[in-house]
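Trainee: Based on these hints, arrange chain B on the given structure of chain A.
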Amino acid sequence: MSLLEVKNLSISFGGLKAVDDFNLNIEKGDLYGLIGPNGAGKTTVFNMLSGIYKPTSGNIFLDGVDITGKKTSDINKSGIARTFQNIRLFEDMTVLDNVKVGLHNTYKYHSYDAILRTPKYFKMEKLMDEKALELLTIFGLEGEKDTMASSLPYGNQRQLEIARAMATNPKLLILDEPAAGMNPNETAELMDTIALIRKEFGITILLIEHDMKLVAGICEKLTVLNFGAVLTQGETSKVLSDPEVIKAYLGE
Amino acid sequence: MKNIKINKKTKQMLITLAIVVIFYAFIEILSLAGALSGLFSGLLVPMTVYILAAIGLNLCVGYLGELSLGHAGFMCVGAYSSSLFSMIFKDAIPDALRFLLALAVGGIVAMIFGFLIAIPVLRLKGDYLAIVTLAFGEIIKNIINTLFIGRDADGFHFSMKDTASLNMAADGEVILNGPQGITGTPKQATFTIGILLIILCLVIVYNFVNSRTGRAVTAIRDNRIAAETIGINITKYKIIAFTLSAGIAGLGGVLYAHNLNSLTATTKNFGYNMSIMLLVYVVLGGIGSLRGTIIATVILYALPELLRGLADYRMLIYSIVLIALMIFNWAPGVKTWREVHGLDGASLQKKLKFGKKEKEVQ
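These protein sequences, in sequence, are chains A and B. Counting along the first sequence from 1, when you hit position 114 you're at 114 in the working numbering, and nothing is skipped either side. Positions in the second sequence are counted from 1; adding 252 to them yields the working numbering.
Accuracy of the hints is not assured; some may be wrong.
Which residues of chain A face chain B? A partial, calculated answer using Cβ under 10 angstroms [to be verified]: (1) 51; (2) 108; (3) 232.
Honestly, the hints are just simulated from the structure, not real lab data. All residues carry an ideal CB built from backbone N, CA and C; glycine is no exception.
The following block holds chain A by itself, in its conformation from the complex (with noise of 0.2 angstroms):
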């Protein structure tokens, strides 16, 4: 059974069709790349996958699980997590906090055993400050962790936006154009940093990516979505070298 299926699933906005019958099987392990021109649909169907969105139409299942329309925070506990194409952090948090908010499910105590520091308390946050600084250190990022989030440089920040959405322990990860903004270099370190955490983790990912290179070198099957609809889905190198999808990027 494939870990995400996405059957049918549309979405309008007042008269726009946005996305119009989606389909999408994920199986465990993949690297799966969601391509398409600007304005396509990606990011709405990200925005839907996550929750934020609710689709008009279509279901999503999550392991076998029906997870459409659910809340955000719950479909997170449902297990996908994922970044943003402008990045997200919480800015005005150190580099640990903004791991530590990821782990909030995974160690729980109550408010009371935080303003009456029992016990409880300090075995969890002990707990967390271990599990947030074992994360950073696959990230690199051990040594910034007293940095406020925002002082960080932006491949750093990209990151720790992956390291936070790790932190809840997901079955999905699903990350909106991670090389947005970045650099040759930084680009080349994000495909590192993807490639070690399929290892370290063993989790699936769906990504959306317009770095062609970074398409093309990581991902292990495409879906090429163009007017919110799916124009081809299959193997990397097919898609790649699809008359349609060359049409669709580059025009006739």
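Mentor: For chain B alone, kept in the frame of chain A given last:
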């Protein structure tokens, strides 16, 4: 001591607590030496009242990031509920215990109101939220002004019309008399109790903010959508923070009520003027800085009173101080100047060798 690692935030908090204690000791010494005028001594309890309310408001504005203009309303709820409690049990419970319970009652009732108001109000954001909280604050005040409660041999009587419609027996005693409020609340609030409450609230807010819940709250403030996508229930944590914030303002109200012989709800003490005054303390002290809030409240509250001798010029000087504080705290040019000349928070600490101590402690 070597094994105890004091992190930066804890250290900041300890400094704030130390400032409060030193301030307290300073005032007490002055008072013992007889150097405090009657006027100034009379200002001490109200000062702690406003510090408490401002700490509560700062939790809402600084950490939750929502602008509330209704905190005077929560003070009002805390004041009236605790005052009623003290009046009803005036002879039944020993003084000290009754005051402790009154504090609990005031805080909890204010929290209940905070909770109930938070549910509809926190759906809104920014200016809209500010306007609606302002309205709620006024509604609370106005409703309280229409309440009449009395007691006689038969028990309690309640009315929203006037004292006559309470239909009490001849021996009946009016406890809450509409716009004339409550008269005869035991005067139990002291400066010492106020300071103890401030310390308690500082510790509560600090422990709250530096915890799983507090992180969720600040995460919502920094980026609501990102917080949602990593599994944080926005509504829940907003309500928790707002409720706690209302409760602390309520404690301020309890102190206020137990400092006056007659408690009334007017525009001046529980109206929007007060809410805005509290906001001024918070904003000028530094949003999200508890220490700044306390310092700003002390200065800005004491100033108009201390300048009373200057008669008509005092409000002029007051407004100049307000502008100066605002510029000192927020103007980008001054901020840079402070950093260059080592007058910002971080470098001042280094000068005082707090940085060195931290390394030794670790």
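Trainee: For every hint, state whether the structure bears it out.
Mentor: These are the hints, each one checked on the structure:
1. Because the closest C-beta pair between residue 51 of chain A and chain B is about 8 angstroms apart, less than 10 angstroms, the hint holds.
2. The beta carbon of residue 108 of chain A is positioned within 10 angstroms of a beta carbon in chain B (closest approach about 7 angstroms), and the interface hint is therefore held.
3. Evaluation of the residue 232 of chain A hint against chain B yields a violated restraint, the C-beta minimum of about 29 angstroms exceeding 10 angstroms.
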